[in-house]
Amino acid sequence: GQQLNQSPQSMFIQEGEDVSMNCTSSSIFNTWLWYKQDPGEGPVLLIALYKAGELTSNGRLTAQFGITRKDSFLNISASIPSDVGIYFCAGRKTGNTPLVFGKGTRLSVIA
Amino acid sequence: GAVVSQHPSWVICKSGTSVKIECRSLDFQATTMFWYRQFPKQSLMLMATSNEGSKATYEQGVEKDKFLINHASLTLSTLTVTSAHPEDSSFYICSARPESGGSTEAFFGQGTRLTVV
Numbered sequence: 001g002q003q004l005n006q007s008p009q010s011m012f013i014q015e016g017e018d019v020s021m022n023c024t025s026s027s028i029f030n031t032w033l034w035y036k037q038d039p040g041e042g043p044v045l046l047i048a049l050y051k052a053g054e055l056t057s058n059g060r061l062t063a064q065f066g067i068t069r070k071d072s073f074l075n076i077s078a079s080i081p082s083d084v085g086i087y088f089c090a091g092r093k094t095g096n097t098p099l100v101f102g103k104g105t106r107l108s109v110i111a
Numbered sequence: 001g002a003v004v005s006q007h008p009s010w011v012i013c014k015s016g017t018s019v020k021i022e023c024r025s026l027d028f029q030a031t032t033m034f035w036y037r038q039f040p041k042q043s044l045m046l047m048a049t050s051n052e053g054s055k056a057t058y059e060q061g062v063e064k065d066k067f068l069i070n071h072a073s074l075t076l077s078t079l080t081v082t083s084a085h086p087e088d089s090s091f092y093i094c095s096a097r098p099e100s101g102g103s104t105e106a107f108f109g110q111g112t113r114l115t116v117v
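Protein chains in written order, with my numbering: chain A, 1 to 111; chain B, 1 to 117.
For the record, the hints were derived by calculation from the structure and aren't laboratory data.
None of these values were measured; they are calculated from a predicted model.
Honestly, I wouldn't trust all of these hints.
To be verified - Here are the computed lysine to aspartate or glutamate pairs in the EDC-like style, where the Cα-Cα straight-line distance is at most 20 Å: (1) B/K20 / B/E99; (2) A/K103 / A/D71; (3) B/K14 / B/E59; (4) B/K41 / A/D18; (5) A/K93 / A/D71; (6) B/K64 / B/E22; (7) B/K64 / B/E87; (8) A/K93 / A/D38; (9) A/K51 / B/E52; (10) B/K14 / B/E52; (11) B/K55 / B/E99; (12) B/K14 / B/D27; (13) B/K41 / A/E41; (14) A/K93 / B/E99; (15) B/K66 / B/E105; (16) B/K14 / B/D65; (17) A/K103 / B/E59; (18) B/K55 / B/E87; (19) B/K41 / A/E54; (20) A/K103 / A/E15; (21) B/K20 / B/E105; (22) A/K93 / B/D65; (23) A/K93 / B/E105; (24) B/K14 / B/E87; (25) B/K20 / A/E41; (26) A/K51 / A/D71; (27) B/K66 / B/E99.
Let the hints inform the model, and build the full structure from the sequences given.
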């Protein structure tokens, strides 16, 4: 099935650094979502974006819905050890159609 | 907040046996639930869309006779892996989205790790 192109695949950063990851698609999505998954758990929603150009924050996290509707990025500022995990972008084209997921970005934070 | 619960969290079974995984929406109703499969260090791949009161919709390449889905009520969907083999070992995750209006997104269960020996 279709997947979104998410990059980078993995990141090793120092505690306190900012992080940026992005997701692109060859087709338009009307909803972009960012999830975090801890080992052995299901994904947890971080930020939901519904409007092209929308910029939304959730604490130290900020995400934007690309103006072309074909991309989105997630920034994490001042990273802390508990930010460690796998971050997935997901897109939905319309209504209640299933989400399409990116391949994930594995984040490691070095204290 | 809304919670989706999966049971069991993990299961080990012998080759050839069948395993049932339950997905429950604890405080909301969901006409539609989704089943995903995730291999180690991989993304979530949609297996099927579970529809309450009707047949599930399977993604291309997913064997409907092997992965039986039953969505008998608005709060419960089950995935049965029939005649399981070692290659069926994986992390299975369900999700459900509240029926009520608004833009509430789907909630995911905690996942079920299946190991077939």
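Here's how the hints hold up against the structure:
no. : hint           : verdict
1   : B/K20 / B/E99  : 25 Å, violated
2   : A/K103 / A/D71 : 14 Å, holds
3   : B/K14 / B/E59  : 26 Å, violated
4   : B/K41 / A/D18  : 23 Å, violated
5   : A/K93 / A/D71  : 13 Å, holds
6   : B/K64 / B/E22  : 17 Å, holds
7   : B/K64 / B/E87  : 16 Å, holds
8   : A/K93 / A/D38  : 26 Å, violated
9   : A/K51 / B/E52  : 30 Å, violated
10  : B/K14 / B/E52  : 30 Å, violated
11  : B/K55 / B/E99  : 19 Å, holds
12  : B/K14 / B/D27  : 34 Å, violated
13  : B/K41 / A/E41  : 13 Å, holds
14  : A/K93 / B/E99  : 18 Å, holds
15  : B/K66 / B/E105 : 29 Å, violated
16  : B/K14 / B/D65  : 19 Å, holds
17  : A/K103 / B/E59 : 18 Å, holds
18  : B/K55 / B/E87  : 25 Å, violated
19  : B/K41 / A/E54  : 30 Å, violated
20  : A/K103 / A/E15 : 24 Å, violated
21  : B/K20 / B/E105 : 26 Å, violated
22  : A/K93 / B/D65  : 29 Å, violated
23  : A/K93 / B/E105 : 14 Å, holds
24  : B/K14 / B/E87  : 12 Å, holds
25  : B/K20 / A/E41  : 19 Å, holds
26  : A/K51 / A/D71  : 12 Å, holds
27  : B/K66 / B/E99  : 29 Å, violated
Hint violations for this structure: numbers 1, 3, 4, 8, 9, 10, 12, 15, 18, 19, 20, 21, 22, 27, all remaining hints satisfied.
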